[in-house]
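Protein chains: 2
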Amino acid sequence: MSGQLEKWLVRRLLDSVGGPPVAIELWSGERVHVLPQGSEPIAVVQLKDRRALFELMQKPEKSFGELFTEGRLNVEGDLVATLEAIDVAIQKAIRESGPVARLMRKAMEKRPRVNSLAGSQENIHSHYDLGNEFYGLWLDRDYMQYTCGYYPHESVTLEEAQIAKLELVCRKLDLKPGERVVEAGSGWGGLARYMARHYGASVRSYNISKEQVAYARERAEREGLGNLVEYVEDDYRNISGSYDIFVSVGMLEHVGLANYPTLGSVIDRCLKDRGRGFVHSIGRNVSRPMNEWIESYIFPGAYPPTLKEMMDIFEPFEFVIMDVENLRSHYARTLTHWLDRFERNVDRVREMFDDSFVQAWRLYLSGSISAFTQGQLQLFQVLFQRQGADILPITRDRMLMAPAPAAGG
Amino acid sequence: MSGQLEKWLVRRLLDSVGGPPVAIELWSGERVHVLPQGSEPIAVVQLKDRRALFELMQKPEKSFGELFTEGRLNVEGDLVATLEAIDVAIQKAIRESGPVARLMRKAMEKRPRVNSLAGSQENIHSHYDLGNEFYGLWLDRDYMQYTCGYYPHESVTLEEAQIAKLELVCRKLDLKPGERVVEAGSGWGGLARYMARHYGASVRSYNISKEQVAYARERAEREGLGNLVEYVEDDYRNISGSYDIFVSVGMLEHVGLANYPTLGSVIDRCLKDRGRGFVHSIGRNVSRPMNEWIESYIFPGAYPPTLKEMMDIFEPFEFVIMDVENLRSHYARTLTHWLDRFERNVDRVREMFDDSFVQAWRLYLSGSISAFTQGQLQLFQVLFQRQGADILPITRDRMLMAPAPAAGG
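Listed in order, the protein sequences are those of chains A and B. Residue 209 in this note's numbering sits at position 209 of the first sequence, and the numbers go up by one each step. This note's numbering runs 409 ahead of the 1-based position in the second sequence.
The set of hints was computed from the structure by calculation and includes no laboratory data. Here a beta-carbon is modelled for each residue, glycine too, at the ideal position from N, C-alpha and C. Keep in mind that a hint or two might mislead.
Under the rule of at most 30 Å between Cα atoms (straight-line distance), these lysine-lysine pairs were calculated in the DSBU-like manner [what the hints assert, rightly or not]:
1. Lys176(A) x Lys501(B)
2. Lys48(A) x Lys92(A)
3. Lys501(B) x Lys92(A)
4. Lys272(A) x Lys717(B)
Partial selection, computed: residues in chain A whose CB lies under 10 Å from chain B [as the list claims (entries may be wrong)]:
5. Gly283
6. Arg284
7. Met310
Work the whole structure out from these sequences, hints included.
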């Protein structure tokens, strides 16, 4: 049995996140919401014990994930829709709060950990070495892309969207046969294989995840691309050689703000005089650390930068930004496909790990869909070249991945 | 007769700007260059008196323009090619200099003046109120665009390029019939008329140049667009009302870094919840003041920002950057067309003003061609929307201004 105090606390909690259209069900079975009379909640968040409420009050962002993972908080209703509704309410509350409240919020947010060479290795292992079989259950079959796909049409499949993304990257770079490419962060080696197979490029790709490198090497050999692609198990800071193109898809999130000038100097060192480059990364419209729960349990050391922050890679070395595209809606679709496949294989995932892993991964994918849909997270593709190197075509015609629509106006 | 000292000084001067492939001819008729034996200079820079050399040594950037304007420095050879060759040499020298030399160079560069409301008016008048007839001699006939055009093909005329630019802006914004647009900086009113005529939009456009506003109003009335466009003679800081779209083409250069948060707050104030916006501006890849001569004589108070600096408009108000395109090569082409028309009408310009005006304008247009070709100046088009406003299409298909090329790869 829960008393008046608990119900008052729940109302305060709901008010503090902008009064989202959800009810909270206490361990006693009593339900509380702060909606106007006549409105129905779209979901019920069940708290299984009294402590859960107090944890949630103290650190809402982090505790929600912890409690959900431990099975002490359950969502009755569609998880993605519930998280989106909560996000919308919070964003509205922030917008309507004064500048002082916003500053306090900022001050409360802690910064992510520093990425030293050794620390980076540890951070990356915990996520990317979960096993190739696990990722194979829900990523695209052909290229194992654990990054945002590109959807030229509504009806595109995950496999098609990832191939379209790889093709888009090559077209943006205006990649030519025989060119030498260096890649920072290989994933499972998909982009390097695509560039070699479809463009005849020769690619050297750096990655610090042992499992991914082993997979990438084996697959390139099997597909007869071993003479064109080389996977190096090493940190991006140790890149050597001289290249026409620098490319990095989905690594910057793990680099850390403090290392951006270093990354810039690596690009500057390895790029030829008429070289060009491309960086694809999750980002922000406002400077803010990663969600605390995700940073603690899913992506230690991760930080999505704003465009302003990203410029610390390029401006000190006089690189010229030619093109920036924000693909955040494409990431929401990609994640929706991933979540769908994850759920279809959830029994196998539970066998491989356990219940709490399933819950954690479910929340991470669902929360990310919400963040990309609501616009708190961005996906920036940045194309650049050296000052004076006028090597890229002056229009975007080459980038078009679908028939042109009828002329507007 | 000039002595050994002068010739030694000329060699030092040439060395200090990276040894460009030009000869300097002294008032005595003697020629000096620092090219290797067997190399021929592509142009001869004639100095008409001894003082010219000393002025050039003290303040090369500013004095070159002053001496050229006064007829005390003459370029025998193609002016654009000469300026490009000098730019290339200087850039190479900077690249090859150490970080200390680069820092000293930075410290020596002075900042542009502050743009108060009154100061802005003065700065703008000196340039934009030179007379509509003058600009009519060399800008495009249809829309009097004093900003970068868009060249979908090599063979496009200036008139076609400016119409393509206006169309590109509307397509990027996904402008719909009946939408309300506010424009900061009208020029001669061309974009507002285009949006009204071809998209049925209703546009309120702010401008502080009296002559431009008078021209824009008269022309809109004459073309029967008076019911859809309204030109307000006032500063962008005084914008009022509520709009679907904010647009500004070629005004940011005159706003001044310190006023970027103010500009952001104006956009935030006037844009509806699901609003979107567009800013088109000359920019830089590296933070650096305007060329000193241009800042002193052509564009007082002008400052081209880097992308990082531009983000101070958007990030404090949580706007989401959706698309950035760098059109610098298109500006080099636009300027080449302008210079060509200017030269064809140079006798009329001389009648309206005088010789030194002709020289100043010739140098300004030629130097700008060089800067956009060499990549010291950029042209950024930035498309943004509010966080949570998912109103823009998720692909760039609508932006394509030419038939798609054959698929790559």
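Outcome of the hint check:
1. Lys176(A) x Lys501(B): Holds: Lys176(A) and Lys501(B) sit about 27 Å apart, inside 30 Å.
2. Lys48(A) x Lys92(A): holds (29 Å)
3. Lys501(B) x Lys92(A): violated (51 Å)
4. Lys272(A) x Lys717(B): At roughly 25 Å apart (the allowed maximum being 30 Å), Lys717(B) and Lys272(A) satisfy the hint.
5. Gly283: Gly283(A) check passes; min Cβ-Cβ to chain B is 9 Å, inside 10 Å.
6. Arg284: holds (9 Å)
7. Met310: Holds - the Cβ of Met310(A) comes within 10 Å of chain B, reaching about 9 Å at its closest.
Of the hints listed earlier, the one the structure fails to meet is number 3.
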